[in-house]
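Based on the hints, put chain H in the right spot on chain X.
Residues per chain, in single letters:
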Amino acid sequence: MGNWVDRIAEPWGGRTPYGRHQPWPARLDTYLAEGVGPDDVERWVQTASILHSDGDAMDIAVRDGAMVGVRGRVVDRVNRGRLGPKDAFGWQANASPDRLTRPLVRQGGRLVETDWDTAMDLVVSRSRALLQERGPGSIGFYTSGQLFLEEYYTLAVLARAGIGTNHLDGNTRLCTSTAAEALKESFGCDGQPGSYDDIDHADVIALFGHNIAETQPVQWMRILDRLDGSDPPCLICVDPRPTQVARRAAVHLAPRGGTNVALLNALLHEIIRTGRVDHEYVEARTVGFEELAKTVAPCTPEWAADICDVPAAKIREAAELLGTADKFLSTALQGVYQSHQATAAAVQINNLHLVRGMLGRPGAGVLQMNGQPTAQNTRECGANGDLPGFRNWENEAHVADLAKVWNVDPKSIPHYAPPTHAMQMFRYAEQGSLRMLWISGTNPAVSLPELSRIRSILGQERLFTVVQDLFLTETAQLADVVLPGATWGEKTGTFTNADRTVHLSDRAVEPPGEAKPDLDIFLDYARRMDFRDKDGGPLVTWRDPESAFEAWKRCSAGRPCDYTGLAYGKLRGASGIQWPCNAQAPEGTDRLYGDGIAWAHPDACETYGKDLVTGASVSVAEYRSLNPDGKAVLKAAEYLPPHEEPGGDHPFQLTTGRTLYHFHTRTKTGRTPQLNAAAPDVWVEISAADAAAEGLGEGDLVDVTTPRGSLRGRLRVTGIRPGLLFVPFHYGYWDAPSGCGPDASTPGRAANETTITDWDPVSKQPLFKTAAAAIALVERADGRPSAAPTTTASAPVPALAVPATEGGPAAHVLEVREPDADNSPGSAR
Amino acid sequence: MNGITLTLRALHHGERSLAKQLSTAAERHHTEHEVHHVAQDLVLWSNDHCRRVAETGRHYELDLDGPPEKSAPGLVSTLREKSAEAVGRRPEPGLLLLHDLRELHLAAAGNSLYWEMLAQAGQAAKDDRLVELASFCHPRTLRQMRWTNTLIKTLSPQILTSV
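So the sequence lines, in the order shown, correspond to chains X and H. With UniProt numbering as the guide, the letters of the first sequence map in order to residues 1 to 829. With UniProt numbering as the guide, the letters of the second sequence map in order to residues 1 to 163.
Excised from the complex, chain H in its bound form:
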């Protein structure tokens, strides 16, 4: 296990976990329609990153899974969506939304820094495979961060001054 494989593992874990957080946020904020729909679109990017890291990992003797299979809506996710609808008429979930967006942003920022490390390591090691992987995925991670930042900027004036 060297620094490169450690970084690949960390990215694999980070993208899987961001995908999961995005899915959970999409369910929990079912009544915030833009968050609900775009978060699901962004899951696709993290899943794709996960797949690409796993593929690349094979060249470094890593055996990493692909993204989790999309399961049918289970009890927990249905419960999350129903509870979102139940409190959809109340202002307090707005604070939870800002909290979740912040967590998503930090998770994406964590991944972004790993992509930075991987790209640097790839350049130092003259390893084109790593540089290509990072230069494909990193811009999308930055776009995930800009999305959460934009939503926080747009929504917080209303949410924080009305509760």
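Extracted from the complex, chain X is given alone in its bound form:
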């Protein structure tokens, strides 16, 4: 038996409380399409969620060759059977009638349907011509955080060793590059130290700029279950918005945008001042403590209070909790990564753990999060501005090792400079030295900053743009060639979540029309380009997902992200497994760095580090003298004011972000009825005090303008920090009258019309959290509220000002507590 719960109205469902150090109880969530009962399901096909980074394991229900529903996987360590709202409903987008089913090519200014041979011939002939006339530096690849491991790895091999270009990056640049960089700076190498299981054991959980209730709703269920159980943890929340996390926090700090480093330095100052440093740990496992102590010495809570505009007493309170915690867990996401001094701030979070000796034990861990479902694979496969397997591009031995795996000359793998990051690739395209850009599984015409600039770059005649996607996105509309991709549920592969858990995702149904798995498209390109290894054999020797996975295992062997102990057969039917998984750890590894900092030695590290202010490289000689024994590096950073501050004509600070019901640019969630209805249009959040001062109210139509551009949306009055405006970044134009960008028929709708082209010089992650903006009334609400959900951080003030967000019967999910471990089907509706 179970409960039917409207999971739009109650996104986190019912509680299964549990006490500290207890296992998280299972709860089986099932959602089947209208009119389908459990007995109608012919097959359940194993997969995991593709609409966020949590890695919720689930099964797809199949009947008559079509998807008809999903259920959580009770056996899985990540979600123990639960589904988030996007997991439960998002699969319906696969069957949208406007899926791309045939390749398109531009003819006479219009995109027209064609066959695969014609489209691929065009891509191949342009690639060959550019290689001959302008060299490999004229070709770039911009990929995703939503493809599969096998696809990224294949792309990395063909781009780096086939074409020989340094220009390969993912849209993970926008979501997780700071997480990777912060781990590299502190531990010498990428790799998530903590585990989601740390939630079960921590007595303090600190969430820095991480609205986990909306970005990883299933892990928020876990925290809620602990809050309702015995010996619950205390939460510390750093967020300028009144998120669900903030509402449940023991201490909520809502700092001014762009001041995270000041706040974190004050926390470190207090921990050092009050004598809470674990000196034995610091001595044994770290270098750099003296420099850190010197840097934070003047950073008193009063000093930070002035900069951050939060009470000094609250900073002390948070520091006291961190300083006295038995075991604490920290997590961070876009409030840190997409803000000013991103890496410098994320590194200070690592430093909190290092000075307190809180690492690598149950409950004592750091989770530098990802936003996207497969971002971890983009990073480890070398499609996110790094060499595959976390190899160091500056270390000749690492490059030689990679060349051996690929059987190529080391010189054919560009490693004279850091792999080019996405923002720089777009700059090269703007300035004309990059002439072909192949974009797979992402939508930069909505997701990158300063969209008028991005549209003008992509629209250039001289730039040949290939777009590989499911739908005719805003970006695809600007392409020269559009390749229809198959997606999750229509292809087989693996992917890895934010806590290193590897899941297998099997094909459940056939892709629509002539759409092909991204892997098949890349393999086809490699074949047509006839890429060769140094002995004249084919460079890419695999032909399907499983053989690609086996090839990746060879590349990962002996590396931090070692997959050699994994196989499709081992992942099928079981729980996901955390890497490294090899002969020494055949069941995977729950936490890194319990027995020392394994990958920071000068000969092993992925990077020698960067200056946290300028982004300048640290040389190998400097790194060797600083850290000869390969310990963790306590890296200090001084606070710098943000580059754009409010004032004059632009009196507000503007931040962009996410909502629970949508993912990325809504290509799937906007085509999912329940999710779309929960948040159908863009909105603008303003504090009650600012609304009163400006004479504005709920539902008023406003223009938000920055020096880059403007967008129009209805106002939601909330408990957000005064002086700050918030706009969700998901909305674009595919479902607006213009279809592609703002014009006479369609005012600006994408948040990125307004954002600044600026990035963290260390991680190269663009800033989306610190712009200066003006707001102006366009039209009174006249009783019409904004489209913002009431269940989330966008909840209205006063609470009853607008109708509550509900999904109705179409959003009812069956929740079964204490289910059988074999995922036995729930009762019929």
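No lab work stands behind these hints: they were computed from the structure. Some hints could be false.
Said to hold, decoys possible - Each computed DSSO-like pair below joins lysine-lysine, with the alpha-carbon atoms no more than 30 Å apart: (1) X:294 - X:314; (2) H:153 - H:82; (3) H:153 - X:411; (4) H:82 - X:404; (5) X:534 - X:404; (6) H:82 - X:534; (7) X:294 - X:404; (8) X:553 - X:411; (9) X:553 - X:534; (10) H:153 - H:20; (11) X:294 - H:126; (12) X:327 - X:294.
Quick look at chain H alone, frame taken from chain X:
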């Protein structure tokens, strides 16, 4: 006027001039966004050095100015930014960028050597004030040099092989 005051004067001049060069580069390379933003951050360091040298200079009977006041964007800087945007679609400014980064590096290297001299003089004269000044400022000058070097290393392969 002795060797120490000469060195302080030279540093004062060198940091002021580096700050100015950094500001100019930030404007001229407005469409190279990382250069534009980080160069402005680094102006703050040179201005701070200038202020500290001027303060220290008072103990050696030197009357040195602080850093120039930040003026509102004037005609010249607006022109520089506009012309950067006008040629932002062309590859040739890449060569100018490499040239400017090299000049910035050499200017910072010049300052670095003066800081070295000042630190040595301070030690020889057992003058803690000078040693403290140099040990505070010199590392930041070296960081300015590493920044320009890193950018040159990163950008020159594309710029020099595509023009």
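Failing hints, ascending? 4, 6 and 7
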